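**Student:** The whole structure should be built from the sequences, with the hints applied where relevant.
Protein chains in written order, with the UniProt record's numbering: chain A, 1 to 215; chain B, 1 to 215; chain C, 1 to 215; chain D, 1 to 215; chain E, 1 to 215; chain F, 1 to 215.
Hints in this document: simulated from the structure, not taken from any laboratory. Just so you know, these numbers come straight off a predicted model, no measurement behind them. Take the hints with a grain of salt, since some may be wrong.
[Stated by the list, open to error] Simulated pairs of lysine-lysine, DSBU-like, Cα-Cα distance not exceeding 35 Å: (1) E:K210 <-> F:K184; (2) B:K35 <-> A:K2; (3) A:K35 <-> A:K210; (4) E:K184 <-> F:K2; (5) A:K35 <-> B:K2; (6) A:K2 <-> A:K184; (7) F:K78 <-> E:K35; (8) C:K210 <-> D:K78; (9) B:K184 <-> A:K210; (10) A:K184 <-> B:K2; (11) C:K78 <-> D:K78; (12) E:K2 <-> F:K184; (13) C:K184 <-> D:K210; (14) E:K210 <-> F:K78; (15) B:K2 <-> A:K210; (16) B:K35 <-> A:K35; (17) D:K184 <-> C:K210; (18) E:K35 <-> F:K2; (19) A:K184 <-> B:K210; (20) A:K78 <-> B:K78; (21) C:K184 <-> D:K184; (22) B:K184 <-> A:K184; (23) A:K78 <-> F:K184; (24) E:K184 <-> F:K184; (25) B:K78 <-> A:K210.
[Said to hold, decoys possible] Output of the computed footprint for chain E on chain F, the stretches with three or more beta carbons under 8 Å from beta carbons of chain E: (26) 17-25; (27) 62-75.
[To be verified] Simulated restraints, written as ranges between beta carbons of each label pair: (28) A:G18 <-> E:H153: 35 to 41 Å; (29) A:N143 <-> C:T181: 22 to 28 Å; (30) C:G19 <-> E:D152: 30 to 36 Å; (31) D:G39 <-> E:F155: 36 to 42 Å.
In this text, a Cβ means the ideal position worked out from N, Cα and C, and glycines have one as well.
Protein chains: 6
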Amino acid sequence: MKTILAYGDSLTYGADPGGGPRHAYEDRWPTALEKGLDGQARVIAEGLGGRATAYDDWTAAADRNGARILPTLLDSHKPLDLVIIMLGTNDLKPFVAGSAAYAARGARRLVEITRGHFAATGETAPQILLVSPPAVVETTNENMLGNFGGLDHLFRESREFARHYRRHAEETGVAFFDAATVAKADPRDGVHLDPANTRAIGVGLVPLVKQILGL
Amino acid sequence: MKTILAYGDSLTYGADPGGGPRHAYEDRWPTALEKGLDGQARVIAEGLGGRATAYDDWTAAADRNGARILPTLLDSHKPLDLVIIMLGTNDLKPFVAGSAAYAARGARRLVEITRGHFAATGETAPQILLVSPPAVVETTNENMLGNFGGLDHLFRESREFARHYRRHAEETGVAFFDAATVAKADPRDGVHLDPANTRAIGVGLVPLVKQILGL
Amino acid sequence: MKTILAYGDSLTYGADPGGGPRHAYEDRWPTALEKGLDGQARVIAEGLGGRATAYDDWTAAADRNGARILPTLLDSHKPLDLVIIMLGTNDLKPFVAGSAAYAARGARRLVEITRGHFAATGETAPQILLVSPPAVVETTNENMLGNFGGLDHLFRESREFARHYRRHAEETGVAFFDAATVAKADPRDGVHLDPANTRAIGVGLVPLVKQILGL
Amino acid sequence: MKTILAYGDSLTYGADPGGGPRHAYEDRWPTALEKGLDGQARVIAEGLGGRATAYDDWTAAADRNGARILPTLLDSHKPLDLVIIMLGTNDLKPFVAGSAAYAARGARRLVEITRGHFAATGETAPQILLVSPPAVVETTNENMLGNFGGLDHLFRESREFARHYRRHAEETGVAFFDAATVAKADPRDGVHLDPANTRAIGVGLVPLVKQILGL
Amino acid sequence: MKTILAYGDSLTYGADPGGGPRHAYEDRWPTALEKGLDGQARVIAEGLGGRATAYDDWTAAADRNGARILPTLLDSHKPLDLVIIMLGTNDLKPFVAGSAAYAARGARRLVEITRGHFAATGETAPQILLVSPPAVVETTNENMLGNFGGLDHLFRESREFARHYRRHAEETGVAFFDAATVAKADPRDGVHLDPANTRAIGVGLVPLVKQILGL
Amino acid sequence: MKTILAYGDSLTYGADPGGGPRHAYEDRWPTALEKGLDGQARVIAEGLGGRATAYDDWTAAADRNGARILPTLLDSHKPLDLVIIMLGTNDLKPFVAGSAAYAARGARRLVEITRGHFAATGETAPQILLVSPPAVVETTNENMLGNFGGLDHLFRESREFARHYRRHAEETGVAFFDAATVAKADPRDGVHLDPANTRAIGVGLVPLVKQILGL
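**Tutor:** The structure is reproduced here in structure tokens:
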């Protein structure tokens, strides 16, 4: 039995683009991935709304800096066979980091933290899979546009995700998946995913995860 | 379907008193509790080795101060029906806090954080169940005795857990369970639990959790 | 006798737009408000130059993140009948947060902190009054323009304060006052207030505060 | 008109040893001091329950480390003519610092912070008056004894306050006052003061403060 | 024998603009300065890649906020005769601070910290020399341009360094040197210096340092 | 040419047990070690008075937690061939950690940090040499005894240093040296070293360091 940590933000949490309750357990992508792995792995979901890769955001009670919290989760859930990191959308908020390049650099820091964490004590490090975020879509949701610096900014930067994440994945030698190839956001807020697109990420990850874990 | 957060330390993680690998998934108490609830609840296990209630310990890469990390976990796993807090053993280390009274005060702080967290945004707070740690036993494990200030200190203080935790539970109006009534440590290190005693906590909690959640 | 906490920045402190000494005690708006309440309330002034709502700024020895310091002040001055929050101008500095929308979101976080703080321990929460900052005016003060990202940025964003603050006040159910209706900045630096405009805020708040407190 | 900052803990806050509401405004020592200065000074009260000199205590929502918060208060209330520091009792809790010598060392750090704070920017530093805490008395309050490490510990250490504080005051060249010469705790909890003893500190400080400020 | 602390970033560290190993010890500017002082001073090099003046950047394991680390280095290397501060280039990254004006304000904070640090304990403060960063040059290095917000931003802001640094140096009464008068970056990445330009800073500082230290 | 980082406290700094100025450069042990290595290595001295291994002490302006600062120094001085860690004496202060076992555990954390730091980015880690502190001696210095919990405590714990450090060195596979075999404290304060004993540490380390570095 393999153990997988899914480290993400509201897209991993399963936030409803309509502002309603969290998506059903079955619709969240870690669940869909676990189902697709046919009982050969457990997927631990750690998705925090608003989480950024390695930047601070103190507008919530939870610590949204993914770099500060990750070591705690690695130790709480070890031994791990695979860590899947899908973060970066919140980094696009101008007050957080503001660009896909910074998001990708922050995501790379999470790769480094994971590796250094286990090397420090001589424990075996898990495999790592870096996922660039799904595509945003046009929206008229004023609140969301305010948060993300306007539609032009959001569009221009989100289209750069895959290019930057792929490069960092290659340079660090970890696996890569572009979630925009399987999922796109809901026009109600332009950023969050409906249940079908949320599940699609889990389903889309199955072949690559099987290959990584030799399942 | 109910959702329960199990917030704990190495006893929730499932650390082996012999220094071997983590207890099997089936032997950890959150799993045993979930099994006992017959499919009516999911139990999310967040057990970090060395975690204290509300005191710092920087001798590990993970943040061991349970008060600093809790808000992040509450938001990652909400909506929650019940939060079970079983922490305090590590507080007995003299450099951490050093007494059962302080452990209980720290655990009360976690109750306060949980309530304030959801009240801040007008969300419904989960029920809370405060669990005082299981009984320590005599050991000749020098390393463990060094960590915990010697056997006399460890014995004297751990016997005070239930009294202090019960009082704080009553004063704050949360549920209480004394894990020492169902589980005791393994003499190999005096503090950690063998698989049977680990499972016993989950099994022991079933009736009370059913009552709290109306199952 | 009621107790009111005035939580603010340099405008609450009483900074002189000409760079001179702090405005006289009588000219600061918390004093003017207290005077207008005819001995029925004490107003505790906590105005820190450079304070932002919930964002970091480490260019001063004082901690300017209003979210980190607020719990300490709530406990130092409780029981409180009313907390007046007038912050946000410093958030407009591009390196702090950079927009009225973020300032308003940060101010909402202070509302959440205040409510969660007292709910955590079962204490009665004070009323809350959210004040959107006074209007900035044209200036040729190069230093100030450098700090605030230029006149265009400062103007465009500051004109959005009231709209965003009012919305958050309504959504969270707290009282709202637009300070720009009674006070505008001094052209010497474009942001700070002369004594008359400073007093005007206190005088302007009197009717609403009386209504909130039932005086 | 002079301005005085009274920086303290629950004894400055005016906590009731019987667990009831805060002492009346008129009974708190900063008020008594202000009254004794006959309108020649304003005394700003910043007393936080549980505040220690320069040590952490995360069992409350407020930041209790007096060294971390002091710069913010110095800037919020400057220009100051005098800072009165009366802290140290909470340092006696074994998990905080545990001895009068450490309390005094922490109080000296607050003297250093105050001086460095204003020297950093070339502003004039206020005078400083270091006050060693009032005498504790015998009590049977189990909760309080648990907090403070038992009666023997509390007695032995609190009797050392004046000696250590006086030495640090002399070495740093600040004024010194021993509050135990005018006030002693209430036997209901052994540590906190009744209204009469609280007022006595303010009254007792009047002559020395007048002398320091040349009133 | 005098002691000088060289507090800087990758330009002080001696990073290779071609991405290769660190410049040789002899080529780093603190070494060149020490050599030029003819055995009359030791220069302690503390150059950290990515260090900003007083802003956070959590994308590395090292703490890059120069304001948080400086007190530790001042105490580790005291008594000091001179502190040379050459920081600011990394502040131009949009997610760090984003402008020469903010870089200069952050550098001023380091001047304040140095002065307050020694005044706090009554120790003699060192002289301070504020150095505005060398000139950036055109580059096609995409990675670097991504980090620094593009060539236009990098050019416009870096040309403002000297003006802002000189003003803060004058206002605080510390010495000033414009490194752009002696060194410019390597076109391979537009920001870092080749060995010759690195040495040139040390050589260029010799006359002013001699004058400051009376050598 | 090899590069060695000497990471320590006041014993590495060269504090005078008589309270006078810092020992001469030539008398500090990193200098003596460098001299003994005959020009084949540079030894970078980073000794901070009061530094503990991995525990907080906020009674000074400098950050005394050796675990928080180490990554910054590793990056400032890399590439490194050897890191020598001689810390632990300050951990014996009861409010810091209070025992040789905790000091050794903290020192082990520094070993882990060093290894994880370079593994995170795939850089080559330096060799590590763990040094248990020199012997304390009897003293009548009241201030020092107050700081260190009295002579009995200081003696009992310091005698346990070598045993604990050797065990952790063996378990982590790093080199070990017991400084008490070559140096003992000065009776004027019982903890600090006179120039001869300070130099003796550097001289004593030469053979082992040569062996480690293959010189």
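**Student:** Which numbered hints turn out to be false for this structure?
**Tutor:** Checked against the structure, the hints that fail are numbers 1, 9, 13, 17, 19, 21, 22, 23, 24 and 31, while the rest are satisfied.
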